[in-house]
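Q: For reference, the chains in residue letters:
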Amino acid sequence: MSVVAGADDVVLRVGGSPENVRTARLVAAAVARREGLPEDRVDEVRIAVGEAVTWAMHTATDDVVELVLGPGSAGAGIFVVRVAGGLAPMSGAAAGDSPYGGGADGLALALLRGLADDVVIDGDTTVLTWSDVPST
Amino acid sequence: VDLTLATRPEGDRTVVEVGGEIDVYTAPQLRSALNDAVADGARHLVVDMTGTEFLDSTGLGVLVGGLKRVRTMDGDLELVCDSEKILKVFRITGLTKVFTIHATLADALGTDGSQA
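Order-wise, the sequence lines are chains Z and V.
For the record, in the first sequence the residue sitting at position 11 is 11 according to this note's numbering, with numbers rising by one throughout.
For the record, in the second sequence the residue sitting at position 88 is 88 according to this note's numbering, with numbers rising by one throughout.
To be clear, the hints were calculated from the coordinates, so they are not data collected in a lab.
Fair warning: this is a prediction, and the values are worked out from it, not measured in the lab.
We put the beta carbon where it would ideally sit given N, CA and C, even for glycine.
Take these hints with a grain of salt, some might be off.
[Said to hold, decoys possible] Here are the simulated SDA-like pairs of lysine to any residue, each with C-alpha atoms no more than 20 Å apart in a straight line:
1) V:K85 to Z:A30
2) V:K88 to V:G19
3) V:K97 to V:R71
4) V:K85 to Z:V68
5) V:K97 to Z:L109
[To be verified] Some chain V residues well away from chain Z (every beta-carbon gap over 10 Å; in silico):
6) D12
7) V38
8) D56
9) T72
10) D82
11) L87
12) D107
[To be verified] Partial list, derived from the structure: chain V residues whose beta carbon lies under 7 Å from chain Z:
13) V24
14) Y25
15) S57
16) T93
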C-alpha cells in the first residue's frame, strides 16, 4: 500500500493484534493534541481511531493496519486520519461472518459518524476528518 | 493492567466493577465475567463503570449481549456511569434508550422498583 504523507504527518503501521489498537489510540491522541485540538476533540479522535483500526483489523488480509495522521494536504485548521486495512470494509453478509460483525458493526459506524466531522469510506481506507482546528 | 474486574453480590444484585479500558482487546474478559456471573445464578446485574476510562463499540456489544442474555431469564443489567466521556459513547449509539444508567452505585442499588 502506498503512503502519501505530508511533512507534518505521522505514519504508523501496526500488526493485526487487538493489543495494538490501544497503541494506535495513544499515538492518535498525541498527534491530535500536538496539532492543537482541544481535549474534548482529542477524545473524539481517540475513540474514532480505535474504532477505525479495530474495523480495519477485522477486514485486513495482510495483518497490517496503516494510519496516516496529521494535517495532510488539507491545509490549516484540518486534522485528518487515514486508516487503511487490506480489504474492502465489511458489509451485509460479510459482516455476519466476522467476529466484529452483527450489531457491533453498526455501533462502530455510528461512533465514527458521531465523533468525526466527516467520514469517508473509500475501498479499504477510512478517512476521518476534524475541521476547525485552532491554529497553534 | 488494562482492565480490572471484580464481581460481588449486593443483596439480590450482582455488582460487576469494571476499571480501566474496555476495548477490542479487553472486552473478552468482560464478556467472561458477565457469563460467569450468570452461570453462578446472577440475574440482576449492575455493571459499575465508575472506574472505566475508555469504552469502544466492542465493549458496548458485550454489554448489549449481557443485557439480552439476562433478559431472557427475566433478569436485568443496569449500568453505573458518571463520566461524560463514556456517556457520550452511549448517547451517540442510541444506547441510552436501551440501558438504565445510574450516576452512582447507591442509586443503582436503591432502585428496587424495577423487575427485581
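Q: Work down the list of hints and note, for each, if the structure agrees.
A: These are the hints, each one checked on the structure:
no.: 1; hint: V:K85 to Z:A30; result: holds (18 Å)
no.: 2; hint: V:K88 to V:G19; result: holds (18 Å)
no.: 3; hint: V:K97 to V:R71; result: holds (15 Å)
no.: 4; hint: V:K85 to Z:V68; result: violated (25 Å)
no.: 5; hint: V:K97 to Z:L109; result: holds (18 Å)
no.: 6; hint: D12; result: holds (29 Å)
no.: 7; hint: V38; result: holds (19 Å)
no.: 8; hint: D56; result: violated (5 Å)
no.: 9; hint: T72; result: holds (16 Å)
no.: 10; hint: D82; result: holds (16 Å)
no.: 11; hint: L87; result: holds (12 Å)
no.: 12; hint: D107; result: holds (25 Å)
no.: 13; hint: V24; result: holds (5 Å)
no.: 14; hint: Y25; result: holds (4 Å)
no.: 15; hint: S57; result: holds (4 Å)
no.: 16; hint: T93; result: holds (5 Å)
When held up to the earlier numbered hints, the structure conflicts with 4 and 8 and fits the remainder.
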